[in-house]
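Asker: On the provided structure of chain P, position chain C as indicated by the hints.
Chains as they are written, first to last, in this note's numbering: chain P, 1 to 114; chain C, 115 to 228.
If you're looking for bench data, these hints aren't it; they were derived computationally from the structure.
Hints should not be assumed to be uniformly reliable.
Per label pair, the in silico range of CB-to-CB distance [what the hints assert, rightly or not]:
#1 S169/C - T38/P: 20 to 30 Å
#2 G73/P - C156/C: 23 to 33 Å
#3 M116/C - G73/P: 56 to 66 Å
#4 G205/C - R34/P: 12 to 22 Å
#5 M2/P - K165/C: 45 to 55 Å
#6 P6/P - P204/C: 20 to 30 Å
Derived list of chain C stretches under chain P, where covered just means 3 residues or more per stretch with a C-beta under 8 Å from a C-beta of chain P [unchecked claim]:
#7 120-129
#8 136-147
#9 204-211
A virtual CB, placed ideally from N, CA and C, is assigned to each residue, including glycine.
2 protein chains.
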Amino acid sequence: MMLPHPTVDQISLPHVLAVLGDPTRLAILGDLARREGTALACSNFIDLASKSNLSYHFAKMREAGIIRVEPRGTARLISLRRADLDARFPGLLDSIIATAITLPPPEKRLATTA
Amino acid sequence: MMLPHPTVDQISLPHVLAVLGDPTRLAILGDLARREGTALACSNFIDLASKSNLSYHFAKMREAGIIRVEPRGTARLISLRRADLDARFPGLLDSIIATAITLPPPEKRLATTA
Chain P
1 MMLPHPTVDQ ISLPHVLAVL GDPTRLAILG DLARREGTAL ACSNFIDLAS KSNLSYHFAK
61 MREAGIIRVE PRGTARLISL RRADLDARFP GLLDSIIATA ITLPPPEKRL ATTA
Chain C
115 MMLPHPTVDQ ISLPHVLAVL GDPTRLAILG DLARREGTAL ACSNFIDLAS KSNLSYHFAK
175 MREAGIIRVE PRGTARLISL RRADLDARFP GLLDSIIATA ITLPPPEKRL ATTA
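Chain P with its partners taken away, still in its complex shape (with noise of 0.2 Å):
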């Protein structure tokens, strides 16, 4: 089943800073501007929340029109809404890449990665 994602119009600008003002969306902004132009299996971003609080995150954005998600059998595909964004508000998201791949890991990955 498709989920439900806004059309480029329907992307608002307060819809999408309120939702990227929380560090580990931003972490998952900078997973996906890493790999930019390949969809990631959710199981990308397991260093980053739990598997319930990552689909929280991942509906979120959705809803804000910053990522696709996409079925893929049992998986979900997750890539950046980048033409959509870029087209709606010039310059924003590579502004807020720039600094987002700079930012100190959430703590979970630190947990994680130690």
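Answerer: The following block gives chain C in isolation, referenced to the frame of chain P:
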């Protein structure tokens, strides 16, 4: 009495984004950007929200490092921390302002100007 402001190094991206993820605060940012270089009295923003709501929004924006709030007699002057934000997150403020100044005004403003 001077109000507390974060230093440049203390300004955090998730905090800035979370605080700007609100239509009234984006409208305040748009108004500050339109008259940049000028510190504005709170009374310049009374078409955006009630006085007590404005105080709340200014406090949130000050604590996040987005604006400077300086007492001047019985008034308070509001200014954008443009140089600090540009140094910390290059390009971010410009990309947000570009959209913030095009956003439909909050309801309160519509009601006042009707």
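Asker: Which of the stated hints cannot be reconciled with the structure, identified by number in ascending sequence?
Answerer: Violated: hints 1 and 2.
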